[in-house]
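There are 2 protein chains.
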Amino acid sequence: MSVTAAKGFQAAGIAAGIKQNGNPDLALVVNTGPRLAAAGVFTSNRVKAAPVLWSEQVLKGGEVSAVVLNSGGANACTGPQGFQDTHATAEKAAASLNAAGRDETGGHGAGTVAVASTGLIGTLLPMDKLLPGVDAAVAQLDVHGGEKAAIAIKTTDTVHKTSVVSKDGWTVGGMAKGAGMLAPGLATMLVVLTTDADLNAATLDRALRDATRQTFDRVDSDGCMSTNDTVLLLASGASRLAPEYGEFAEAVRAVCDDLARQLIGDAEGASKDIRIEVVNAASEDDAVEVGRSIARNNLLKCAIHGEDPNWGRVLSAIGTTKAAFDPDRLNVAINDVWVCKDGSVGEDRDLVDMRYREVRITADLAAGTAGPVVIWANDLTAEYVHENSAYSS
Amino acid sequence: MSVTAAKGFQAAGIAAGIKQNGNPDLALVVNTGPRLAAAGVFTSNRVKAAPVLWSEQVLKGGEVSAVVLNSGGANACTGPQGFQDTHATAEKAAASLNAAGRDETGGHGAGTVAVASTGLIGTLLPMDKLLPGVDAAVAQLDVHGGEKAAIAIKTTDTVHKTSVVSKDGWTVGGMAKGAGMLAPGLATMLVVLTTDADLNAATLDRALRDATRQTFDRVDSDGCMSTNDTVLLLASGASRLAPEYGEFAEAVRAVCDDLARQLIGDAEGASKDIRIEVVNAASEDDAVEVGRSIARNNLLKCAIHGEDPNWGRVLSAIGTTKAAFDPDRLNVAINDVWVCKDGSVGEDRDLVDMRYREVRITADLAAGTAGPVVIWANDLTAEYVHENSAYSS
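Top to bottom, those sequences are chains A and B.
According to the working numbering, the first sequence is numbered sequentially starting from 1.
According to the working numbering, the second sequence is numbered sequentially starting from 1001.
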């Protein structure tokens, strides 16, 4: 399933030895056509990893024949050598795929091979392991290889993440990795989506941006923005069907939404998934700003961890934004109990039951009709601290 | 010492019963003149506690005769009743001070009594305890009462914080409370500074704003902005000396800087004080934005806790800002080891010794001549999570 649920794709996932523990660390996704249309969305962090800089260039052409993804190293902040390594990876993949004669599209050029990396920032990749790994991955390409590819891109993920939506004769499927450094723009995530719908690059781009804006961009596990975020959508056209835009966009959004929820559910050290819904905002931008401010408030995240409905911390987070609101008209519910009404004490906070993993915070700005906007976050735990205080050691 | 180091001030600190554990919780600072000049800086959070709304009005007159401060409750998000309670506190203090005949300034009016509160948001203060407490504090006013006042405003503070600078015949002294929810604009802090210099309210205001901008506004323990932050500077004129502006402003800045460092040193659950210095920025605003972004990066804060010089997280934090810089020219030092040069791998990270409480991060933006700007932050620890997951329970 995963990236091979749609027709016209093959994938592989192998252990190339990039990770010292011998776990799978190299994935390859190949579009076997007949079409090679593609779109991509990348981190808005201004410090971009070499593979992001490379893949942004590839996507400008609107065609992606293959994607090479590695875990075990981010290849970020690695200077000219890092960029050369990404380039060499793309060249190697193109040469190896051509040698294997594995496509229907008239030969791969490095200029249509996207590259994505994830792992520690600031160390060069072991190219003596990675390049032979590309050959090994090409040799193992399979129309059922999606699951193995999804496993090979895991870093601190405890589970691999895949999702598929099938419609009348066409399919959108995908895989994701991400468990920390999750914040809008995007999260520390690598995502590859594939479809056999027969659509051009411009349509894919529009559907992908619509979807990520409402899904991955609204996942804010820990407020930290990565250097490597990459979301790709590849279309093979193998179904020979061109669905209507609305139907296709909804399928892409559904797959992204499912994967985004899986990222939050597997966030490093988290014990709670926090669903923040902002309603009655003056604008969607206001609602997003308020939702993110709540999502990033460390004191609130600690309180949620402690199952403490400390709504004052929600108000203090709202108060740091530029959104339109009157402090004396704010209402806040936690798990549907309106603990704050008109900016002051509301229903009895002891009525709030916070035993379950999902916690719902509703912020009513009483300032307009925009929303609801939903932002997903996680609590802050000692396990998060532990996991992230020892990551690179 | 503390607020009674300068001539013309009396203070008291008592246990009024606002805190259930019987610890001191009510402080009173009285300016006995001959002058009543004052300036104040308040939280920029748009959700402001009742005492902040009240004291902002008081300060518009440029005169403060007395300050009532309580711990054990923030009186924030408490609606009209909360504001009435603050008003009643000021009225009570004025009446009690007048009845005691304790001033040289012709009688106290409630309109010159500032009020400050700290503690849990969203609960009304126990006025049946607080108002008799004001009488008790007036009865205990003393020219050596500064220490007791500083103790009475503690919440989760493990130590009380005071600082004094004495010059040729005049003095600036002060007290502060704050241990969490520390972020610019300001920190969750209550600060009262006093001086016996003979200066008018406009001069005090200028000196106070210059000082807070460079000190309290650059303390960012946990990125969370409070509803109650208040910094007051009261002048009695009792020295009959009017120092030059530059000399006076430097004394105020030195006291604020000392108190700000004490806040960081006592931050909830922290094991490291992180000194972030941004140099070679295009502007001071850029330097502050970059410093704050680094200060608030949870993953970096965890890494520092783990004594892990994970400089990639510094770069990813810089990359989220709008400051002018070229990613390929950024340099970062941790404890003076330049682990990142020209946006890539620099000196050996194993050379970084992070055993001590103070950790220094230097971010060289190579974009101009502004700075250095120093932002102070803390690490993120399991103890911080523990302390803040159970605060209101």
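Treat the hints as calculated values from the structure; they're not laboratory data.
Just so you know, not all the hints are guaranteed correct.
Straight-line alpha carbon distances no greater than 20 angstroms define the calculated SDA-like cross-link-like pairs of lysine to any residue that follow [what the hints assert, rightly or not]:
1. K322(A) to E1289(B)
2. K322(A) to T1321(B)
3. K1322(B) to A136(A)
4. K341(A) to G368(A)
5. K1341(B) to Q84(A)
6. K341(A) to K1341(B)
7. K129(A) to S44(A)
8. K322(A) to L1053(B)
9. K1322(B) to G22(A)
Tested hints:
{"no.": "1", "hint": "K322(A) to E1289(B)", "in the structure": "holds (17 angstroms)"}
{"no.": "2", "hint": "K322(A) to T1321(B)", "in the structure": "holds (18 angstroms)"}
{"no.": "3", "hint": "K1322(B) to A136(A)", "in the structure": "violated (42 angstroms)"}
{"no.": "4", "hint": "K341(A) to G368(A)", "in the structure": "holds (17 angstroms)"}
{"no.": "5", "hint": "K1341(B) to Q84(A)", "in the structure": "holds (18 angstroms)"}
{"no.": "6", "hint": "K341(A) to K1341(B)", "in the structure": "violated (52 angstroms)"}
{"no.": "7", "hint": "K129(A) to S44(A)", "in the structure": "violated (30 angstroms)"}
{"no.": "8", "hint": "K322(A) to L1053(B)", "in the structure": "holds (19 angstroms)"}
{"no.": "9", "hint": "K1322(B) to G22(A)", "in the structure": "violated (40 angstroms)"}
Comparing the model with each numbered hint stated earlier shows that hints 3, 6, 7, 9 do not hold.
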